[in-house]
Amino acid sequence: AQTVTQSQPEMSVQEAETVTLSCTYDTSESDYYLFWYKQPPSRQMILVIRQEAYKQQNATENRFSVNFQKAAKSFSLKISDSQLGDAAMYFCAYRSARGNFGNEKLTFGTGTRLTIIP
Amino acid sequence: DTGVSQNPRHKITKRGQNVTFRCDPISEHNRLYWYRQTLGQGPEFLTYFQNEAQLEKSRLLSDRFSAERPKGSFSTLEIQRTEQGDSAMYLCASSLHGAKPQHFGDGTRLSIL
Chain C
21 AQTVTQSQPE MSVQEAETVT LSCTYDTSES DYYLFWYKQP PSRQMILVIR QEAYKQQNAT
81 ENRFSVNFQK AAKSFSLKIS DSQLGDAAMY FCAYRSARGN FGNEKLTFGT GTRLTIIP
Chain L
94 DTGVSQNPRH KITKRGQNVT FRCDPISEHN RLYWYRQTLG QGPEFLTYFQ NEAQLEKSRL
154 LSDRFSAERP KGSFSTLEIQ RTEQGDSAMY LCASSLHGAK PQHFGDGTRL SIL
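Sequence order for the protein chains is C and L.
For the first sequence, position 87 (counting from the first letter as 1) is numbered 107 according to our numbering, and the numbering increases by one without interruption.
For the second sequence, position 73 (counting from the first letter as 1) is numbered 166 according to our numbering, and the numbering increases by one without interruption.
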């Protein structure tokens, strides 16, 4: 079974600075997807960024980028120019790419609470 | 695209009662997923549907839990004889198809008295 580990329960960063959230995972599969989701307080989970394991190039979405190290099974999220609206719980998630039927569930880490200091 | 809608937002019930939650996915999304999230944890997968077919169920989904998606549109999640341990946020997500990202609703928070 796949597992996802987020070892930083809480992180804080000054507004406009850069912060990196860590995620490691364990799998025996070679083809999979990795995601970062953001969950603001009392609001819905929002997809931040997605990475396909077969792609060597790291995904980027505006101020958000990932450092995907497949051999190390590491998938960190970098947030540049942090804004107050970035304050949220951030979850790393894994999904198998094996077949289209079954194996579609997301396996989440325990999350990292990010605080933005004005 | 009105997003995934879940009702009710909050449900408070006494132990032993039955509860039912509803999820309306994004229009034309054929995949629908249910997750459960307890305080301080990430969501845990419960079950998912492709159209009206239930394709996978987690071992977390005991025989007190049942989910349906009768016409391949909205879905219901029923919990019978609720227990204290059922207190959680129940999240629904949908996707256009299996390879596309999942979009989440606001969730239904269940509190058992």
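Where hints are given, some of them may not hold.
[Stated by the list, open to error] Subject to a maximum C-alpha distance of 35 Å in a straight line, what follows is the list of computed DSBU-like cross-link-like pairs (lysine-lysine):
hint	chain 1	residue 1	chain 2	residue 2
1	C	K75	C	K93
2	C	K98	L	K164
3	C	K75	L	K150
4	L	K104	L	K193
5	L	K150	C	K98
6	C	K93	L	K193
7	L	K150	C	K90
8	L	K104	L	K164
9	L	K193	L	K150
10	L	K193	C	K75
11	C	K93	L	K150
12	C	K90	L	K104
Because the hints were derived from the structure by calculation, they are not lab data.
| When you check the alpha-carbon spacing of K98/C and K164/L, does it fall within 35 Å? | 42 Å, violated
| Going straight from one Cα to the other, do K75/C and K150/L come out at no more than 35 Å? | 30 Å, holds
| query | Given the proposed pairing of K193/L with K150/L, does the C-alpha separation stay at or below 35 Å? | reply | 20 Å, holds
| field | Given pair status - K193/L, K93/C, alpha carbons within 35 Å | value | Holds, at roughly 22 Å.
| query | Does the structure keep K104/L and K164/L at a Cα separation of 35 Å or less? | reply | 25 Å, holds
| query | Under the criterion that the straight-line Cα-Cα distance not exceed 35 Å, is the pair K150/L, K90/C satisfied? | reply | 29 Å, holds
| request: Below or equal to 35 Å on CA atoms is what counts here, so check K93/C against K150/L. | output: 27 Å, holds
| field | Distance restraint between K90/C and K104/L, which requires alpha-carbon spacing of 35 Å or less | value | With a Cα-Cα distance of about 42 Å, the restraint between K90/C and K104/L is violated, given a limit of 35 Å.
| Is it true that the CA of K104/L sits at most 35 Å from the CA of K193/L? | Holds, at roughly 31 Å.
| said: Just to be careful, I want the Cα atoms of K150/L and K98/C compared with a cutoff of 35 Å; is the pair within it? | reply: 34 Å, holds
| field | Hint consistency between K193/L and K75/C [alpha-carbon to alpha-carbon, up to 35 Å] | value | Given pair K193/L, K75/C holds - Cα atoms ~16 Å apart, limit 35 Å.
| task | Compare the distance between the alpha carbons of K75/C and K93/C with 35 Å, and conclude whether the hinted pair is satisfied. | result | Within the cut-off at roughly 14 Å; holds.
The structure fails to meet hints 2 and 12 from the earlier list, while all remaining hints are met.
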